[in-house]
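Q: Under the numbering used here, the first residue of the sequence shown carries the number 30, and numbering increases by one thereafter.
Each hint should be verified, as a subset may be incorrect.
In silico SDA-like cross-links for lysine to any residue, where the CA-CA straight-line distance does not exceed 25 angstroms [what the hints assert, rightly or not]: (1) Lys53 with Ala31; (2) Lys53 with Gly35; (3) Lys101 with Arg126; (4) Lys101 with Gly35; (5) Lys101 with Ala70; (6) Lys53 with Glu73; (7) Lys53 with Ala70; (8) Lys101 with Lys53; (9) Lys101 with Pro121; (10) Lys53 with Ser42; (11) Lys53 with Leu75; (12) Lys53 with His41.
So the derived label-pair ranges between C-beta atoms look like this [said to hold, decoys possible]: (13) Gly45 with Arg132: 35 to 41 angstroms; (14) Arg66 with Gly125: 41 to 47 angstroms; (15) Arg109 with Asp138: 17 to 23 angstroms; (16) Ala70 with Pro102: 36 to 42 angstroms; (17) His54 with Arg132: 32 to 38 angstroms; (18) Gly71 with Ala137: 23 to 29 angstroms.
Rather than coming from a laboratory, the hints here were simulated on the basis of the structure. Heads up, the beta-carbon is just placed ideally off N, CA and C, and yes, glycines get one too.
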Amino acid sequence: GADWWGAGPGAHSHVGGVRWWNVKHPGAYAQALAEGRSPGAGREILAEEDRRVERILLELRLREGCPLDLLKPDGLAASRRALTDGLLEAEPYDQGRAVLTLRGRLLADAVVRDLVD
């Protein structure tokens with residue numbers, strides 16, 4: 030759940046529960062900066078549930094994975110299936126973390142979908 034700043038065309042940022050993104054086209058991005066305008070294309074305020082889901086989505090892709098206590102009961106059941114299917118590593122799982130295996134990394138979008146549904 031840390032804040033981050035994105036720089037450049039199409040970059041996303043997240044600070045204090047607000048997410049925003051820059052225009053995607055490099056020319057439009059450069060023109061906005063040259064004119065002293067923000068290159069921001071949009072923004073949204075994330076609800077608590079959205080922040081939880083996004084944290085799972087982002088942290089699961091990291092080497093350290095995400096804490097299992099972020100998962101709701103259905104997501105925890107899905108994580109046990111993912112472990113059995115070889116998509117999550119056993120040792121970190123036993124220590125309370127969901128860490129993707131190589132196979133799990135190849136199927137990360139599907140694993141995340143199952144864990145947050």
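Q: State for each hint whether it applies.
A: Here is how each hint holds up against the structure:
| no. | hint | verdict |
| --- | --- | --- |
| 1 | Lys53 with Ala31 | holds (24 angstroms) |
| 2 | Lys53 with Gly35 | holds (12 angstroms) |
| 3 | Lys101 with Arg126 | holds (14 angstroms) |
| 4 | Lys101 with Gly35 | violated (30 angstroms) |
| 5 | Lys101 with Ala70 | violated (33 angstroms) |
| 6 | Lys53 with Glu73 | holds (17 angstroms) |
| 7 | Lys53 with Ala70 | holds (8 angstroms) |
| 8 | Lys101 with Lys53 | violated (35 angstroms) |
| 9 | Lys101 with Pro121 | holds (18 angstroms) |
| 10 | Lys53 with Ser42 | holds (14 angstroms) |
| 11 | Lys53 with Leu75 | holds (21 angstroms) |
| 12 | Lys53 with His41 | holds (10 angstroms) |
| 13 | Gly45 with Arg132: 35 to 41 angstroms | holds (36 angstroms) |
| 14 | Arg66 with Gly125: 41 to 47 angstroms | holds (46 angstroms) |
| 15 | Arg109 with Asp138: 17 to 23 angstroms | holds (19 angstroms) |
| 16 | Ala70 with Pro102: 36 to 42 angstroms | holds (37 angstroms) |
| 17 | His54 with Arg132: 32 to 38 angstroms | holds (37 angstroms) |
| 18 | Gly71 with Ala137: 23 to 29 angstroms | holds (25 angstroms) |
Violation of the numbered hints given earlier is confined to hints 4, 5, 8; the remaining hints are satisfied by the structure.
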